[in-house]
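Chemist: Those protein sequence lines, which keep their order, are chains Y and L. Quick note on numbering: numbering that gives the first Met the number 0 labels position 222 of the first sequence as 221, and the sequence is numbered without any gaps. Quick note on numbering: numbering that gives the first Met the number 0 labels position 137 of the second sequence as 136, and the sequence is numbered without any gaps.
Calculated from the structure, these hints are not laboratory results. It is possible that some hints are incorrect.
Claimed, not checked - Rough simulated footprint, nothing fancy, chain L against chain Y, three-plus residues with beta-carbon under 8 Å:
| # | segment |
| --- | --- |
| 1 | 3-10 |
| 2 | 22-36 |
| 3 | 187-197 |
| 4 | 230-241 |
Unchecked claim - Label pairs and their calculated CB-CB ranges:
| # | chain 1 | residue 1 | chain 2 | residue 2 | range |
| --- | --- | --- | --- | --- | --- |
| 5 | L | Ile60 | Y | Asn198 | 44 to 50 Å |
| 6 | L | Phe168 | Y | Glu10 | 36 to 42 Å |
| 7 | Y | Glu22 | L | Arg109 | 36 to 42 Å |
Just so it is clear, CB atoms sit at the ideal spot from N, CA and C, and this is done for glycine as well.
Protein chains: 2
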Amino acid sequence: MSSPKPVLTREELEVRLRQTGAERYHNLHRFHRRLHNGQSTYEEVQAWALNRYYYQAMIPIKDATILTRMPDVRDRRHWRIRIEDHDGRDEGDGGIERWLKLTDSLGFSRDYVISTQGILPGTRFAVEAYVEFCRTRTLLEAIASSLTELFSPAIIDERVAGMLAHYDFVSKDTLAYFSQRPVQAKRDSEFALDYVKQNAATRAGQDAVLAALEFKCSVLWAQLDALWSAYVDRAVPPGAWMPGSEATHGQAA
Amino acid sequence: MSSPKPVLTREELEVRLRQTGAERYHNLHRFHRRLHNGQSTYEEVQAWALNRYYYQAMIPIKDATILTRMPDVRDRRHWRIRIEDHDGRDEGDGGIERWLKLTDSLGFSRDYVISTQGILPGTRFAVEAYVEFCRTRTLLEAIASSLTELFSPAIIDERVAGMLAHYDFVSKDTLAYFSQRPVQAKRDSEFALDYVKQNAATRAGQDAVLAALEFKCSVLWAQLDALWSAYVDRAVPPGAWMPGSEATHGQAA
């Protein structure tokens, strides 16, 4: 038998969380590399935007789920900002709306995108697993699962610069979603990191926090796996969006 | 506006259900074709058995979930048999135990298989989506989602004959799981088919039944997509089983 694992200091826990990101965040996925290197086809970018819409659309549901579980009003005030960022304050505002500007520009009708009828089962199952995780695990684990945002400013810089350089069908306007995210993600991930460092007081709690971040990395990774299989390797599952199909030509330009 | 869709006769509903299977069941997936044609490597067969263990292991959980939602004692008596088939009556009995004989024969330790630590996130998310579907949808939809069993005797015949013909590392003993399944699946799917034909009395209910079967086909399909991506295309996600890794060499031969 090995001796029981020692409780980590807050700094050690942060180092391990950052190490998890360095090993498992989806900036390491071949689909991300392909996308920002300019190797993706127009149809692959379409498929990425269409599928990722579902992830974006479910983020406020996920955050509201966490809100239902927060006993502390100060925590809730802070966490509520995430919902406001995604849902906006008025018609035409918010992160989801900005994501729809991207899918508009790629020729999808809003009705089709919002229906999510063309997304991959792998996308749906991964995103639903994330919401379910935040519903059923401890509040500490639910908050820890948001910590992929520690790593998102870097991937967004790389993605936006790469996509603007390589694809004439994207512009700063159509990528407006990403212009807001680094500042929001930094603010949100600082709150979440402080929370888990303060509240993961036992080694079991710390291990649960690390496992929650691994889980969330797998949620993001699995979405890119599904995109690669369907649209790079061209094995589209039955019922999912087919490049060039009618459903893309709705009310959008 | 089109006129409202007419209610289908019971026979028409059955025809559409069988049509859904003919178009979406995972016997059409390239991983299945590769497996039964003898093109899979030993490592691919290992990965298939390891991942599918999680599906097998969660079937009684899924069926118990449905049992919690059945008000009719006669329905419950019938549905309970599914749990008995998978869990067995005694130590060493039941479908899960027979599946473990397969993973034993492929060099995995039981502890490793049962821990499910090496399975693909895509497997986990798909299987959990299935259990969650049966927990949150109507009882009619939950029962309808089991109807892939209408199509399983044919795929089992094809799989077992193909695997015995092509792989010297499988035998009738190691494939014992499948020897019991066709009879059980026929009995179970006849019950479920009768149930949905009797209880889907509106067109909306019938459409929900058809959508539930499509959903379940996508649960099976997504599992084979994940296997192909990781082990045929050789892009194993972080944390999943790596062919040849230590974890396969446990207490089994």
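Chemist: Against each hint, give a clear statement of whether it holds in the structure.
Modeler: Now the hints, each set against the structure:
no. : hint                              : verdict
1   : 3-10                              : violated (count 0)
2   : 22-36                             : holds (count 4)
3   : 187-197                           : violated (count 0)
4   : 230-241                           : holds (count 5)
5   : Ile60/L with Asn198/Y: 44 to 50 Å : violated, 30 Å
6   : Phe168/L with Glu10/Y: 36 to 42 Å : violated, 49 Å
7   : Glu22/Y with Arg109/L: 36 to 42 Å : violated, 28 Å
Violated hints, in rising order: 1, 3, 5, 6 and 7; the structure is consistent with all others.
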